[in-house]
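Protein chains in written order, with my numbering: chain Y, 5 to 328; chain X, 132 to 616.
Possibly wrong hints are sitting among the right ones.
[Claimed, not checked] Lysine-lysine pairs mimicking DSSO-like chemistry, simulated, CA-CA at most 30 Å apart:
1) X:486 / X:411
2) X:411 / Y:12
3) Y:319 / X:608
4) X:478 / X:563
5) X:280 / X:358
6) Y:319 / X:411
7) Y:319 / Y:12
8) X:520 / Y:319
9) X:373 / X:358
10) X:563 / X:364
11) Y:128 / X:138
12) X:486 / Y:319
13) Y:12 / X:520
14) Y:16 / X:520
15) Y:69 / X:459
16) X:592 / X:358
17) X:452 / X:486
18) X:191 / Y:249
19) X:592 / X:371
20) X:608 / Y:128
21) Y:12 / Y:23
22) Y:319 / Y:212
23) X:411 / Y:19
24) Y:319 / Y:219
25) X:411 / Y:23
26) X:280 / X:191
27) Y:69 / X:452
28) X:478 / X:592
29) X:520 / Y:19
30) Y:16 / X:411
31) X:459 / X:478
32) X:486 / X:563
33) X:520 / Y:23
34) X:486 / X:592
35) X:280 / X:171
36) Y:16 / Y:319
[What the hints assert, rightly or not] Okay, the calculated beta carbon distance ranges per label pair:
37) Y:117 / X:521: 44 to 50 Å
38) Y:247 / X:501: 46 to 52 Å
39) Y:12 / X:473: 48 to 54 Å
Just so you know, the hints here were simulated from the structure itself, not pulled from any lab data.
Even for Gly, the Cβ is constructed at its ideal location relative to N, Cα and C.
If you want the building blocks of each chain, they are given just below.
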Amino acid sequence: MAKTAQEKLDAKREKAYYKKHKNMYRVTPGDVIFNIINYTVFTLFTITCIYPFYYLFINTISNNKEVSLGRVNFYPVGINIDNYLALRNVNDLGNAFIVTTTRTIIGTALMVLASAFVGYLVTKQEMWHRSLCYRFLVITMYFNAGLIPGYMNMVMLGLNNNYLVYIIPGIVAPYNIILVKTYIESIPAELEESAFIDGASHITVFRKIIWPLSKPILATIAIFGAVGHWNSFQDSLIYMSNNPKMLTLQHRLYVYLQQSSNLGTLASTGSVSASQMKDAVEKMMNTKVTQYTVSMMSVIPILVVYPFMNRYFEKGIMLGAVKG
Amino acid sequence: MKGSVEKGAGDYMLYVTRLLTGVLAILAFIPSFNPVRASKLVSDQVALFTSAVSYSSLTKESEFQLRSGIVDSTMFILINVAAIVLIIGILGMVAGACLSLGNINLKRLSLIISAIGGVVGAVGCVLVFVAKGHAAGLANGAGEANLPKSLLFYMISIIIILLISVICFFIMPGFDADEGFYMESTYKLFLMFLPFGVLAFLFCYLPLWGWRYAFFDYEVGGTIGMKNFVGFKWFGYLFKTKATRNDVFQTIINTLAMSSLGLIFSWLPMAFAIFLCEIKNLTFRRFVQTFTTVPNFISWVLVYALALSLFDTTGFINQLKVYMGIIKDASEEGTNYLMSTRFIWFKMWAWGTWKGIGWSAIIYIAGISGIDQQLYEAATVDGAGRFQKMWHVTLPGLLPTFFVLLLMSIAAILSNGLDQYLVFENARNANKLSVLDLYVYHLGLGSNGSIPLSTVVGMFKSIISVILLFGANSASKALRGESII
Numbered sequence: 005m006a007k008t009a010q011e012k013l014d015a016k017r018e019k020a021y022y023k024k025h026k027n028m029y030r031v032t033p034g035d036v037i038f039n040i041i042n043y044t045v046f047t048l049f050t051i052t053c054i055y056p057f058y059y060l061f062i063n064t065i066s067n068n069k070e071v072s073l074g075r076v077n078f079y080p081v082g083i084n085i086d087n088y089l090a091l092r093n094v095n096d097l098g099n100a101f102i103v104t105t106t107r108t109i110i111g112t113a114l115m116v117l118a119s120a121f122v123g124y125l126v127t128k129q130e131m132w133h134r135s136l137c138y139r140f141l142v143i144t145m146y147f148n149a150g151l152i153p154g155y156m157n158m159v160m161l162g163l164n165n166n167y168l169v170y171i172i173p174g175i176v177a178p179y180n181i182i183l184v185k186t187y188i189e190s191i192p193a194e195l196e197e198s199a200f201i202d203g204a205s206h207i208t209v210f211r212k213i214i215w216p217l218s219k220p221i222l223a224t225i226a227i228f229g230a231v232g233h234w235n236s237f238q239d240s241l242i243y244m245s246n247n248p249k250m251l252t253l254q255h256r257l258y259v260y261l262q263q264s265s266n267l268g269t270l271a272s273t274g275s276v277s278a279s280q281m282k283d284a285v286e287k288m289m290n291t292k293v294t295q296y297t298v299s300m301m302s303v304i305p306i307l308v309v310y311p312f313m314n315r316y317f318e319k320g321i322m323l324g325a326v327k328g
Numbered sequence: 132m133k134g135s136v137e138k139g140a141g142d143y144m145l146y147v148t149r150l151l152t153g154v155l156a157i158l159a160f161i162p163s164f165n166p167v168r169a170s171k172l173v174s175d176q177v178a179l180f181t182s183a184v185s186y187s188s189l190t191k192e193s194e195f196q197l198r199s200g201i202v203d204s205t206m207f208i209l210i211n212v213a214a215i216v217l218i219i220g221i222l223g224m225v226a227g228a229c230l231s232l233g234n235i236n237l238k239r240l241s242l243i244i245s246a247i248g249g250v251v252g253a254v255g256c257v258l259v260f261v262a263k264g265h266a267a268g269l270a271n272g273a274g275e276a277n278l279p280k281s282l283l284f285y286m287i288s289i290i291i292i293l294l295i296s297v298i299c300f301f302i303m304p305g306f307d308a309d310e311g312f313y314m315e316s317t318y319k320l321f322l323m324f325l326p327f328g329v330l331a332f333l334f335c336y337l338p339l340w341g342w343r344y345a346f347f348d349y350e351v352g353g354t355i356g357m358k359n360f361v362g363f364k365w366f367g368y369l370f371k372t373k374a375t376r377n378d379v380f381q382t383i384i385n386t387l388a389m390s391s392l393g394l395i396f397s398w399l400p401m402a403f404a405i406f407l408c409e410i411k412n413l414t415f416r417r418f419v420q421t422f423t424t425v426p427n428f429i430s431w432v433l434v435y436a437l438a439l440s441l442f443d444t445t446g447f448i449n450q451l452k453v454y455m456g457i458i459k460d461a462s463e464e465g466t467n468y469l470m471s472t473r474f475i476w477f478k479m480w481a482w483g484t485w486k487g488i489g490w491s492a493i494i495y496i497a498g499i500s501g502i503d504q505q506l507y508e509a510a511t512v513d514g515a516g517r518f519q520k521m522w523h524v525t526l527p528g529l530l531p532t533f534f535v536l537l538l539m540s541i542a543a544i545l546s547n548g549l550d551q552y553l554v555f556e557n558a559r560n561a562n563k564l565s566v567l568d569l570y571v572y573h574l575g576l577g578s579n580g581s582i583p584l585s586t587v588v589g590m591f592k593s594i595i596s597v598i599l600l601f602g603a604n605s606a607s608k609a610l611r612g613e614s615i616i
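Just chain X, same shape as in the assembly:
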């Protein structure tokens, strides 16, 4: 069934085709590499793919010029058509590259398809020149003609793909009528996986490319180039000025304090589970378990809405005070408990525990039902009381789970999350609630934010978190011989 087992020069050349096609396909989604931006009137936030599918996004930034007649719509239509043609060409090349993984007949078919795609793509590139010529021909330079550098890359790639297709067509073995079209299932499976791999690449790996902002003097809407490369300036900047230094220290203290509170009380869910299992009435137990898990499934915004309704100036607690005659009018004398900064770290921990304890206890409850009943019987026979059984049988049975979860939370010590602190934050307590995630958010997207500075802080956080995770993992391996990730 298989084609030639020996790999010829043609097969190696096909690697180049596949690689180039993949790069072209990914670049089609990246605005800074838009090859059809033949005029600067087209926004630099529009990618090749967007230019092809949406005419309105092409003209979004130049509606004024269009309406006043400075620019006619011909140029945009030309760009749009060029983009569509180029995308069709790329689709052809992608189809060709995928089929080239098949047997010799499929390979020959793939060469033809790739070549057609290449020709179509080349036509698209030529159309870009036409559009550029049209833009340059407009009076007073209103067209703002532009020859994108990425077009050169596209042209070279397409020419290489065309050349390889033609050469391979002649040096590869001929069409074999007996074989039919066939692809080994190993490649078929891979091709089915590929779209999802691309998605993972776009949203999980590509953001790492954004770390470069840490080394540039970048402002929103600006560009990145050698002229604003600043090296490690922002890393030093964090500690240079007094204001930022204080902010950073306060943030680190807040983060560590609240994480430590969580760590110190991380045994609570386990205790919750042990005591809950001491309740013999199954109906009551299920009732408690069901209702204490509900808060885990509502968002932090809703938790805050509940908090407002209970602890606001006119909230439940103050109304209760009025009801009992402690104060007269809630809206005048009521205390806004959410404004106070007393025990704020502890309060935040309490909200987190209220929300999560029922849920975290489930894993321990399952652990308890997994403990061998004979152990309890043996303990009873030996005269152990209720507490002795809890201490000497149940607890040791749960400790391995506890340690794994503890190590995980140590690894996540810098990640308190953003939502909780953002919703509870107000002018009074902002200083005490600023944890790393929130600090990064305000620093980057706040009113006078700095993208590079925020990226630096985020980078440190990410790197330290990964180190902590692997540290926790090797600790677990050394202590228990089991990996946690």
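Just chain Y, with the same shape it has in the complex:
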């Protein structure tokens, strides 16, 4: 993990500070015990956060026979990538992958553009009924008509079982608009004014001044938006009931998981005999590895992107604390 210059400086100062006040910070036995416990607890918790992903991963790259015998618990055995190659044969997975990828790209791009533009518009005091327009958007964060009226609304608009339901409702995101608006307000107004004096239009000012200057906040909302699109499950579940070709990746994964979970229900209620169960479980083992692999496929993009985007995530939650 790369330290920023500021962090290095902080650490240096902290060290110098402790040196200077050595007596005041004498380490007591109580401190040592506390430190040991503290480090242990955090280490254990961090392991519980990492290990499940690791476990899933080693099971997907190991020899399937070893996996079904339950021998892959801590390290991979017989490394190969056959499981990933076999994903080509899994029904509908390709579709789900395309749907999710395209909605992530298109949906995020449109959301960012719209948030930036609307965020800019609502900072303009001279806009006709500006505060009314702004409130019209913001109020929508605090109420929700509910799941069924929302569903009937989509049916009425003809968006049910339609790919566009993934894109259009997400374009206007009030929360992101607030974030962008707050950010734009912190940009010195003189920049815009000088451009207006030179005869620039609102669109030009937005393109040439506001858009480049607000890139940090736009990157933040873009990343949050992209993660949201990638993880989307509920809209697919509710609006795609009759269009199985358009399910998102997470929904597809859910369908696979349900299939094995149903088997578990049968086993625990005792409605199948033990020998039948054994056959079924053996068949299931293959499915199980497939599930692991599909899960891995859908989580890898996030795990890969995450370390690079970490600072944006943190910035995002801090911005959230600022109210519009």
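Based on these hints, arrange chain X on the given structure of chain Y.
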């Protein structure tokens, strides 16, 4: 630069044009107001806009009639053309209405454009009659001719717009060659905002219109009309039959129990942050912080996939048992921990905490770095130990943030979300996991669902949530003098 400052009768008439044009433009997206449905062979799920852009959706429900030759494609082509013409007319009227916000020259231009749009729209309406005539002329009534009521509304609106355009053209001041075309930036900005306002209206405000289903005896695919209006029947129905009553009570208990668990332990992220900041090794601290936030960014489906891989019959825990010799064969003797209902509320809370604690702690970590270092120095000089500093300096510094977040979670006490409970639900634990959001989902979209009943429950939830939010807000205002929304 400005046109006439005084408002004349023409300006007031233009308000009517703008309003009517806006209504027509929105109705173009609503299937139940499709004015070109000249035949019942066209699905009632198709809106005017869809009829114009997609010929295939017009004929979707009557492919059989088309193929067998009962109906010829002429009727559908006529409807399609009528829709295209009508949409072009509406586009013209919308452009006119937008331009009418400009100066006098733009206004005169807008009147011409509106009038052209109106004429085109009227032609579209006439084409609908032609299509209807064609449908009626087909043998044995196979065309199922239909004259949609909304067509009347469209015709009246278009005639009014045409009349106003013509009248205004004569009563308004003439073209001013010196002025050029100009619109004040206040209206320009508003027009740029308008498309986004419309989107917000369509997806956030229009669903409220769906609350009407609570008062009707509605079934999927049916219609709503005075004949199936049932008043408050469904509100009483919730508590009338024993089965529903038990379901509702169990759901409310589950919801409140799991929300309360969350509230009781809402200090955990704060404790997490305080203890994490006691770690002086910055590398280790960043490491912990980075990896404990990862689970927040994976979906609940993936959490469930992880849970399956760990706690299933053949999952990690059972394999570990085999490894240590406690059981012999995982697939035969293994325990499926996800099936058990013991401590299920607590387990759900634990999953939620595992997923969210690292993330929720970030705001407190930032809060701690915002606390004045001099306070710690002063405390040290006064002889305060490590725990005393944590208790008397760090904690009070974080409490305001904690209270805001606590109030927010009290306001959200009924909204546990749908995803988590849906993915963890199975035949054994369904009863204990049914929270309001999940109950509404199953009740409305389940196999033998009831749209009205589900709408009633959802309505109650929405209204109570808004009341709670404003209650929390006024509590915050009274206690801290700060608003949280």
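Is residue 280 (chain X) close enough to residue 191 (chain X), meaning Cα to Cα at most 30 Å? It holds: about 23 Å lies between the C-alpha atoms, which stays within 30 Å.
Hint consistency between residue 411 (chain X) and residue 23 (chain Y) [alpha-carbon to alpha-carbon, up to 30 Å]: Holds. Residue 411 (chain X) to residue 23 (chain Y) sits at ~14 Å (cutoff 30 Å).
Given the proposed pairing of residue 520 (chain X) with residue 19 (chain Y), does the C-alpha separation stay at or below 30 Å? 20 Å, holds
Below or equal to 30 Å on CA atoms is what counts here, so check residue 16 (chain Y) against residue 520 (chain X). 23 Å, holds
Residue 473 (chain X) and residue 12 (chain Y) - C-beta distance against the hinted 48 to 54 Å: At roughly 50 Å between Cβ atoms, residue 473 (chain X) and residue 12 (chain Y) fall inside 48 to 54 Å, so the hint holds.
Agreement of residue 319 (chain Y) and residue 212 (chain Y) with the hint, judged by alpha carbon distance not exceeding 30 Å: 24 Å, holds
For a C-alpha distance cap of 30 Å, please report whether residue 319 (chain Y) and residue 608 (chain X) respect it. Holds - the C-alpha atoms of residue 608 (chain X) and residue 319 (chain Y) are around 27 Å apart, at most 30 Å.
Check whether the Cα positions of residue 486 (chain X) and residue 592 (chain X) lie no farther apart than 30 Å. Since the Cα atoms of residue 486 (chain X) and residue 592 (chain X) sit roughly 25 Å apart, the hinted pair holds (cutoff 30 Å).
Just to be careful, I want the Cα atoms of residue 452 (chain X) and residue 486 (chain X) compared with a cutoff of 30 Å; is the pair within it? 26 Å, holds
Residue 486 (chain X) and residue 319 (chain Y): Cα distance at most 30 Å? Holds - the C-alpha atoms of residue 319 (chain Y) and residue 486 (chain X) are around 19 Å apart, at most 30 Å.
Keeping to a limit of 30 Å between CA atoms, is the pair of residue 69 (chain Y) and residue 459 (chain X) held or broken? At roughly 18 Å apart (the allowed maximum being 30 Å), residue 459 (chain X) and residue 69 (chain Y) satisfy the hint.
Quick one, are residue 69 (chain Y) and residue 452 (chain X) close enough, alpha carbons at most 30 Å? 19 Å, holds
Of the hints listed earlier, there is not a single one the structure fails to meet.
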